[in-house]
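S.K.: Next come the chains, spelled out residue by residue.
Number of protein chains: 6
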Amino acid sequence: MREVLAALDARYDPALAESWDAVGLVCGDPDEPVGRVLFAVDPTTAVVDEVVATGADLLVTHHPLLLTPVHGVPGDDPKGRLVHRLIRAGAGLFVAHTNADRAPDSGVNDALATVLGLTGTVPLEPSTVDPRAGLGRVGELAEPRTLRAFAERVAAVLPATAGGVRVAGDPEREVRRVAVCGGSGGSLFASAAAAGADVLLTSDLRHHPVSEALEAGGPALCDVAHFASEWPWLPVAAEVLHRDLSGRVEVAVSRRRTDPWTWHEGSGGIPAGHSAG
Amino acid sequence: MREVLAALDARYDPALAESWDAVGLVCGDPDEPVGRVLFAVDPTTAVVDEVVATGADLLVTHHPLLLTPVHGVPGDDPKGRLVHRLIRAGAGLFVAHTNADRAPDSGVNDALATVLGLTGTVPLEPSTVDPRAGLGRVGELAEPRTLRAFAERVAAVLPATAGGVRVAGDPEREVRRVAVCGGSGGSLFASAAAAGADVLLTSDLRHHPVSEALEAGGPALCDVAHFASEWPWLPVAAEVLHRDLSGRVEVAVSRRRTDPWTWHEGSGGIPAGHSAG
Amino acid sequence: MREVLAALDARYDPALAESWDAVGLVCGDPDEPVGRVLFAVDPTTAVVDEVVATGADLLVTHHPLLLTPVHGVPGDDPKGRLVHRLIRAGAGLFVAHTNADRAPDSGVNDALATVLGLTGTVPLEPSTVDPRAGLGRVGELAEPRTLRAFAERVAAVLPATAGGVRVAGDPEREVRRVAVCGGSGGSLFASAAAAGADVLLTSDLRHHPVSEALEAGGPALCDVAHFASEWPWLPVAAEVLHRDLSGRVEVAVSRRRTDPWTWHEGSGGIPAGHSAG
Amino acid sequence: MREVLAALDARYDPALAESWDAVGLVCGDPDEPVGRVLFAVDPTTAVVDEVVATGADLLVTHHPLLLTPVHGVPGDDPKGRLVHRLIRAGAGLFVAHTNADRAPDSGVNDALATVLGLTGTVPLEPSTVDPRAGLGRVGELAEPRTLRAFAERVAAVLPATAGGVRVAGDPEREVRRVAVCGGSGGSLFASAAAAGADVLLTSDLRHHPVSEALEAGGPALCDVAHFASEWPWLPVAAEVLHRDLSGRVEVAVSRRRTDPWTWHEGSGGIPAGHSAG
Amino acid sequence: MREVLAALDARYDPALAESWDAVGLVCGDPDEPVGRVLFAVDPTTAVVDEVVATGADLLVTHHPLLLTPVHGVPGDDPKGRLVHRLIRAGAGLFVAHTNADRAPDSGVNDALATVLGLTGTVPLEPSTVDPRAGLGRVGELAEPRTLRAFAERVAAVLPATAGGVRVAGDPEREVRRVAVCGGSGGSLFASAAAAGADVLLTSDLRHHPVSEALEAGGPALCDVAHFASEWPWLPVAAEVLHRDLSGRVEVAVSRRRTDPWTWHEGSGGIPAGHSAG
Amino acid sequence: MREVLAALDARYDPALAESWDAVGLVCGDPDEPVGRVLFAVDPTTAVVDEVVATGADLLVTHHPLLLTPVHGVPGDDPKGRLVHRLIRAGAGLFVAHTNADRAPDSGVNDALATVLGLTGTVPLEPSTVDPRAGLGRVGELAEPRTLRAFAERVAAVLPATAGGVRVAGDPEREVRRVAVCGGSGGSLFASAAAAGADVLLTSDLRHHPVSEALEAGGPALCDVAHFASEWPWLPVAAEVLHRDLSGRVEVAVSRRRTDPWTWHEGSGGIPAGHSAG
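Chains as they are written, first to last, in my numbering: chain E, 3 to 279; chain X, 3 to 279; chain D, 3 to 279; chain S, 3 to 279; chain R, 3 to 279; chain Y, 3 to 279.
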């Protein structure tokens, strides 16, 4: 396992992680051998079921299991239960989170930019240490599209989720320059505007920042499932690990959709507007 | 205007507001007369257009214009521009925000509970001062429904929005006890579970809290547009003001949908799951 | 107005302001034309009366109207009322505060040093960015005077105020090197001592710091009205704006004395000293 | 000395002092006898000269010598030098500061109210523990006067100082109810207004709070020397100590005026107002 | 295991623990059966060896394994390795720390007081909730002894450690009233003095507090190994658990001495004192 | 005295002290002559007795008298009493604390390293300003010894104290590279490990850090009395002052042992280990 961890750290340098983040090995013994590595966005019960069922020796997830630090991993706590199951199954858990977001080339944001067909991609907020690393990415579509056509393409190339794609902006607006941020990227709106983006695609957008952004003018907004925005990284990370270790470990991407939403109900509700007196 | 403000403060006691909130009169002169009051969720450009077009003397919104305090209201700032337009039009702006959320009977959460048909409604987190006031509400449906049927009803009774309704949970789960929180109520999940709710309906839910909630078990989750969850309060507030002033002012509910999302693209994207090596 | 604001920002760079300060445009629309600009120390009711009476399009003050940030500018608040009056009169309000204190050449402290006849003037606490900018000034009188003669000159060249001039030190002490700080400059005593000043002239001095300064030795102290110490900047700023815009706007200095003290009662009270037992 | 300290603590309960204050014995040995006690506002060099010259065994001051706590009292520091001189002279130093401000009956504020002829005096901000104790005092003049006549009386009954008395308000305003606060009492303006005071007399008032107070309306303001506002306490405290100890110690009030200002220059300066262009 | 945990929580109420503490279940599944419980002061490698060797199902320690919270329990970290070993051995780890210190009757401090033969024992700093609970204990010896004789008894009744017993005070001082605090109790010196104790016995005492305590006068000090001061609790806790569960689980006290010091070298070093010039 | 203070400041630069420290002159007048200087670790009553008895004019201690700053030095406080006695005896007190710890060549840690026979000594945590200065020291023994032999040498070369020397580690471990830190140096364990030390010698070590250090592996630990670890500096400092001033002052090292522990009781107590049920 030590060799696998070194290969992952080389791609996703832990020094790139935010100070509040929790990356690296969560459980598992670096001295034990690893034959099979499974990649997933979230370390959920369903994903651990898959680890056990497929005999994986190491689970690599984007999201930390223990972002809030703990004084114990008791078996009657949902997260502690997963630690017990992994340790008993002899499987490790490794997290590459904001370091994978920021990493150049094979990171989360480059993977997202690639599936959207962006070129000339650079970080929205470059790292002061390595200008190829940093938060978000901004790049160009091969040719301009309407915002509507862009959104249709987003829906087509990202994994299907219950929530789908929400768009704020004029459907006929021309989109050429696209900013993206896997995960919760609402705070990058000002950077996207400064970078001349026509649209910012990210997830977990809330009413107030979106409302203020529209009032201020600037890029259109495209909101997708958090899971969907980060999923494109999984096959990339699996592929590079396989290659970096010259095929000495098997890799697989989890088949579980860890987006938490089950379904979506299109609202055809009552029209707003009412007057009295 | 002074009389109108007093009537609003009597219904929506400013002492109920959070310490960080910004409620009360934002602009306008309490000594001027008021003939017509317009109610809206957000003080946006479109809503101020409506104020000017309809000659309203006072705009009452749920959301503050200046939640982050300011050192000025210059005309080249989106919010400052609205202040200039309102002052020049002789119209005031009044905000009832977390005080309206918490207020008993004619507040935001009671209005939401009422349109969903809940009975026996009590606050999820009662105020220590007045047990009828507080955060969120929990009540009973007239008769149990499946989660799917509940979600269909939600979609039918709330204003139509681009994002519609997202649901996390088993569609066949029986729902009888319902917790609601207008606006961003994700932090009330534990209270909803403690209150024995089968589902929590609120808005602005993000990936991580929803994911953790599902792993921990407990209520299903139903996410609607922030705007849609608070809109039911507008006709209620308009009605009670009209009645409290014995019809001496005209009231109206804004016809603008201030939900910022323009449209929704159902995602039919690629299936998740991939394996290499 | 945009051109006027740019000229003011060029003279009084907002980047020189303290982090807690509130400089720039408070209200008014940069797209409207400006024919006449009025300069004053404080944005008080009397000064706004003068704006309205003289038809000024822009009021430039040294002190901020909204130093403590606000959630609204309601008409029943003294400051909100001024914002309403200015907006309705079509007049803007612009503040140059600690940036004007620090600015080189045509700033508040250089203006004060000039009326006192100082030469070879440099900042007491130079800015790390621009050594000609910074807090306070220190310079030399053309020829040495007694402290008494210096104080008489101060009283003669600054605007008359109720409080006049208070001096701590030996009236016969020779004064050659003079430190000044417009506004509340008590915290600059140590810098003035380190700069070899014979006297520090500033305002708003309080008992304890003055008492400790005298016990420690060092410069004499000269306390004038806050208003009086900053007033000399008004004609300077008016003049440079007029010149910077090649006379395309009219400028005027307010005739209102905004020092808040109405009159002074020389105390001839009882002698101290008493003994019992 | 122990008996004297106990008598002072009984009048000026240290529990009434602010948490940041530094009251009680600064130097001196409680086991040594005390024949003569000197009272002064400030522990300055001149006052310590008087202690040595008069052979006093204990100096009682209102202001702390070491309000900012120290790691040493070296002889080359102005304050350390006083400690050395007192210890070598066998004299102690005792401080009664905010506890004397707050104390009922024989405290600083009651003494000030008494010399101004106020009756029916109560604290402006009463202590929650003892309603007779607290910050400031408010009471009634025997009969109404104009503000000008009130200021003349203030100048007559307080010790003469260089700065004299400054007044903000209409000289013809009728004054009946008077709020006072010895020392720096600018923060009590709102309490004075709430108490219905026609004028607040205190010291160390600065431009901004006074300016804002005038814009908001409310009491007139009367500013005297910090020293002058607290001096009336000295004969009171000396008297009560003498009486409390049945005359077993001699008491005296220092003859030094510790107001730091040496003289005042009435400003006849240039008129404000200027216009160009 | 659930039943065992409930019995421990009943004796050592987690609500008594400090807010910074980390008590309760660290690992292990409450749904599994428990046949044998091992008690130890510290969860060290040697103690976990004993858990594995003796087939214990639950380890109860006084000190937390993860007092500083963690983002993972990786196998290459000393603490993570212990978690892996315990989980693989099917054994749980439970911590009763400051709740056991404070608990009445069968807590750490009562156990220490009992082995020293104290009677009439009460908390040094009683809990506001339960006056029988709290920090430290103070009680009376059956008859007075010299401090030397007291120290000899301490050495005789506590487990042998390399560091032994250090005493500060006159060996002939009479000791009757004894304050104790298991673990690091240096901060209780003032409470011990206030309680009239002749000696305070605790551990981990450092130079400066001891030095200041001696200068101030008050109780003598007796410093023992941290481990030794808490060990007496182990047989007590084992016994009460055995009894509370009516003998349904086997209990044992660890035979490992987890005091970290290996040996002690009596210093016969050079005499202090030296003079030059 | 001024010349003596200058010589001490030159050797022990106050700029090297920690920000929280309290170094320099505590009392005494720099203008008075100094004939005799006494050096001690702690400014205790016994040491001040020695100052008075030997007629020393200046006491130089390593530990501050007033580390916690004070508002006074009253004679009924243990520390205030010492200030009174020193001032009346005409003696000053000077402290060189963390500046003496960090100082190169003639500082506390170099003195400790020298008596232990270390060579090639460098700071464990070098100062960024002067690489020869810094926290702790690490160097090499002339030839390797067992840990037991090293501890015996420690006991032989440091002053005798009640507590002696405690060692954690295998007595047969070979020791060649030695890290030392006079005073409380437990926080330097990681630096000592990183520097490749076989043992860290320091004082005031507590149970938890020692226990964790042993579990993590790394250097052995050797704990001596705080006083003993710093005493070797006294003759060094006395000698260099004598030399720096060309013999113009007499110097002496205090003969008082200020280690607070009176005696040590070897514990032969009961064996640990117990089992029931």
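What the hints contain is simulated information worked out from the structure, not anything from laboratory work. Be a bit skeptical, because a hint or two may be false.
If several chains are the same, the list does not tell them apart, and a pair holds so long as it fits within one copy or across any two.
[Unchecked claim] 20 Å max Cα-Cα, derived DMTMM-like pairs, lysine to aspartate or glutamate:
#, residue 1, residue 2
1, 81, 217
2, 81, 31
3, 81, 214
4, 81, 107
Bear in mind the structure is a predicted one, so any value in this text is a computation, not a measurement.
S.K.: Each hint should be assessed against the structure and marked as holding or not.
M.R.: Status of each hint after checking the structure:
1. 81 - 217: Only across copies: residue 81 and residue 217 sit 9 Å apart there, 42 Å inside one copy, limit 20 Å.
2. 81 - 31: both (19 Å within a copy, 12 Å between copies)
3. 81 - 214: Between copies only: 9 Å across, 37 Å inside.
4. 81 - 107: neither (32 Å within a copy, 36 Å between copies)
The structure is inconsistent with hint 4 alone, although it conforms to all the rest.
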